[in-house]
Amino acid sequence: MSKNKKIFFQILLVFAVLGFLGILINNLIINLTRTGIGFNFNWLTKPASFSLAEHPLPYSPSDSYAWALFMGWMNSLKVIISSLVLATCFGTLIGFLRVGKNSFFRVITAGYITVIRQTPLLIQLMCWYFVGFLGIRNNSFLNISNLLNISNKGIELFGLNLSSEFSALLFGLSIFSSAFIAEVIRGGIQSVPIGQWEAFRSLGISEKQGFIKIIIPQALPAFIPGLTSQYLNLAKNSTLAIAIGYADIYAINDTIINQTGRAVECFIILIFSFLILNLLITKVMGIIDKSIMKSRI
Amino acid sequence: MNNINPNLNTNSFIKIKKFLLSKSKYNFCNFIFFVISISLIFNFLTWIFINSNWKVVTSNLNLYAFGSFPPDQQWRPTLWFFSLLSITFITVYGPKWNWLRKNLIFGWIGTVPLGIYLLNGGLGLNPVMTRHWGGLTLTILITSCSILFSLPIGILLALCRRSSIFLIQKLSSFYIDVMRAVPLIAVLFFGQLLIPLFLPVGLEIDRVWRAIIAFTFFVSAYIAEDIRGGLQSISNNQIEAAKSLGLNKHQINIFILIPQALRVALPAITNQLIGLFQNTSLMSILGLMELLGVSRSILANPEFIGQYIEVYIWLASVYWLFCTIMAFVSKKLEQKLTINKGY
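Those protein sequences? They're chains S and D, same order as listed. This note's numbering numbers the first residue of the first sequence as 36 and each following residue consecutively. This note's numbering numbers the first residue of the second sequence as 29 and each following residue consecutively.
By construction, these hints were calculated from the structure, which means they are not laboratory data. No residue lacks a Cβ here, since even glycine has one placed at the ideal position from N, Cα and C. Honestly, I wouldn't trust all of these hints.
Calculated cross-link-like contacts (lysine-lysine; reagent style DSS-like; alpha-carbon spacing at most 30 Å) [unchecked claim]:
no., chain 1, residue 1, chain 2, residue 2
1, S, 41, D, 359
2, D, 364, D, 130
3, S, 113, S, 325
4, S, 38, D, 277
5, S, 81, S, 271
6, S, 136, S, 243
7, S, 318, S, 329
8, S, 271, D, 359
9, S, 271, S, 188
10, D, 198, S, 40
11, D, 198, S, 271
12, D, 130, D, 198
13, S, 318, S, 248
14, S, 325, S, 271
15, D, 364, D, 271
16, S, 248, S, 329
17, S, 271, S, 318
18, D, 364, S, 318
19, S, 41, D, 277
20, D, 277, D, 83
21, S, 136, D, 359
22, S, 113, S, 271
23, D, 271, D, 198
24, D, 271, S, 40
25, S, 325, S, 248
26, D, 198, S, 325
27, D, 360, D, 124
28, S, 40, D, 277
29, S, 81, S, 113
30, D, 198, S, 38
31, S, 38, D, 359
32, D, 130, D, 277
33, D, 130, D, 360
34, S, 318, S, 113
35, D, 271, S, 41
36, S, 329, S, 243
Each pair of labels, with its calculated beta carbon distance range [what the hints assert, rightly or not]:
no., chain 1, residue 1, chain 2, residue 2, range
37, S, 82, D, 64, 32 to 42 Å
38, S, 244, D, 123, 52 to 62 Å
39, D, 69, S, 52, 52 to 62 Å
Sequences and hints are given; from them, build the entire structure.
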């Protein structure tokens, strides 16, 4: 295509896109005025008048909608970060066992990965919540002298109280993501050429030493892109919290829409909260990636 | 009994001890894990076959399969299931006739309109409202429609993202990046609550179709990225060869790039398909009666209250079975489509 033709085509495209958006926005305005809702963000400062079971900072129903949304965002962040750590530890362990020499563990982990990956997360979450926590009939399932207490009200660990909703979400997300992370770890380790294994063995380095000092450092750069996308998936999957009643950012948006009917504004807020979350994760992973690259040189 | 060598017992004990600890210290650990897992599996099996009550599944099989589809019309979704099953069978084990292989893709595409016709009715069949669609039928319908619509859109987006025209490239990149940053439930929620607001007054789209549109929006962005990966894997020699043969840009795209990119991206697209199939369960949160939605309404029935474990195990195995079948078919297809094996 010649240059003039390209410019002409782009101008045409701009008009087409603007025209299409214009029609959509026009429809939206007509529909909003017809239902009498309108479009503004003034309601954010009004009192939310619903209570939250969990809030990391002080919150009461007389606080504003904006504060409630922020609490939801904090709740999301809390569950994302904790399950991210748990899933990484668990997934790494399973990934190592999956490529290890022990055939018994190889079979067990392969089974674990297929079962977890081939069933929907939503069903796993509901299973953890309704069967795992609410299914505990007697007062406590496991009680180790004030250190750990698992009951249908949640988990109490060293005086730290985790609600049953949070714990179910934490377990469900971590176990679901760990299966995917294990595959990333396996791929990373298998990307190290077999010659490296043979080389350290021929140098008389023990398996354990060689694995930690030779193989892992070379596999690390291959882990990072896969892990980043798994972490982003984990963050997105955390919105399924609504199915078990954990007050994350999506659940609070949903409550507000049911209360005020402001679907468009809430949707915009939701998208921006997620863009910020994603940016946060990609930035942190970028810093980790850079530091790994630096340490290699 | 008396003439047994008294040393035998200690001997065998030492032998067992040696067996456990000889090769490495891990062997003993192994043994303990083995015993624990065997006992767990044993407990699980006794629970499944003896202690559990499968009435919640067996008496509701019709609901799981068809939702509240009118009983006298249930042969229609059944017929559709059989057509899907037979075309899958032909794809995997069918004869290697050339004309069959070439037209199989049209058979696959044809199953979607066939399913819509059979479910929706009209043209000689009794029309059935979409609110009666449900169960596995609805899950499969949403999955197949969404994947069929999102494949061409995904290919188009991938080509646009590699386009030399600045604006087209930026627009499709923007769309893909935003869609991949947003959680699926938000997109589905957009489909259910916001699509009606963007339509002119009087025009309404049905709930099921809004769900399919939302899934298409979401999945097409992911498929576009997979196909872009496939496009990037094609060496430049191919394009140069095509140019030297005198093909123009569109011909290169259609005959050279897209078929090869699709073949490379097939495993990734299958993963998207499996993910989509599992994610249709999210529609139960938004009030559609698909497989999980039906189960939730069954669990709300006082007769079956509290039988969560049975229902979830049943659901998990249904989803697992279908996902495994899809993965298996895709693997077979991959083997059939691979050329240049000795490359």
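Please flag the earlier hints that this structure goes against, numbers listed from lowest up. Violated hints: 1, 12, 18, 20, 31, 37; rest satisfied.
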